[in-house]
Amino acid sequence: MASFPADRGREQLESLESVERAEDLVLHGDVGRGKTHLAIAIGVRACQRMFPVMFFTASSLVMRLRKARDENRLDQEPKAIGGAGLVIIDELGCLPIDIDGAGLLFQAGADGYGTRGVVSASNFGSGGWGDVFGDGDMAAAVMDRIVHHGGILRFHGESYRNRHSLMK
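Per this note's numbering, the sequence shown runs over residues 172 to 339.
No wet-lab data here; the hints were simulated from the structure. Just so we're clear, the structure is a prediction, and the values are computed from it rather than from any experiment. Hints are not guaranteed to be accurate.
[Stated by the list, open to error] Label pairs and their computed distance ranges (CB to CB): (1) GLY328 - ASN243: 46 to 56 Å; (2) GLY180 - ARG220: 14 to 24 Å; (3) GLN278 - HIS327: 28 to 38 Å.
Where a beta carbon is used, it is the ideal one built from N, C-alpha and C, also for glycine.
Based on the provided sequences and hints, a complete structural model is requested.
Structure (structure tokens):
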């Protein structure tokens with residue numbers, strides 16, 4: 172179950188208005204609430220409408236950016252990622268990201284700010300982003316951009332996996 176902001180309901184998500192306007196969407200809530208499922212559904216819908224889509228876990232994106240930096244092609248990597256009309260970043264905050272990785276992730280996001288839609292799925296609400304990025308100022312800058320060009324969708328209720336568990 173999700174709580175939609177007043178200006179963003181199911182119809183707006185299905186229509187891909189936010190992708191067309193290069194807006195950001197953060198899906199957050201506890202484990203097992205359907206964040207990744209919705210992010211993938213938005214990505215599939217975007218593919219059906221011929222938007223180029225890239226999907227990453229946060230840790231795999233950080234590793235990709237580190238590799239690009241180590242190979243002296245970090246300036247090219249945001250352009251490669253930026254070719255997507257929609258970037259989905261899953262599991263943001265599930266694994267720790269050191270300050271170096273957080274800086275790379277922030278820079279990749281800043282390079283595409285306002286030019287492509289980003290859907291992020293995280294277990295953290297806005298108050299926990301300082302822990303995700305390892306730096307309160309960086310987290311504030313990320314949240315500032317998200318609030319300016321997007322919205323936050325809160326997931327709540329019982330975990331789907333717990334509700335359908337074979338081990339009861």
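Checked hints:
The given range of 46 to 56 Å is respected by GLY328 and ASN243, whose C-beta atoms sit roughly 47 Å from each other. Between GLY180 and ARG220 the C-beta distance comes to about 19 Å, which sits within the given range of 14 to 24 Å. The supplied range of 28 to 38 Å is met by GLN278 and HIS327, whose beta-carbon atoms lie about 32 Å from each other.
Going down the numbered hints, you'll see the structure goes against none, and every one checks out.
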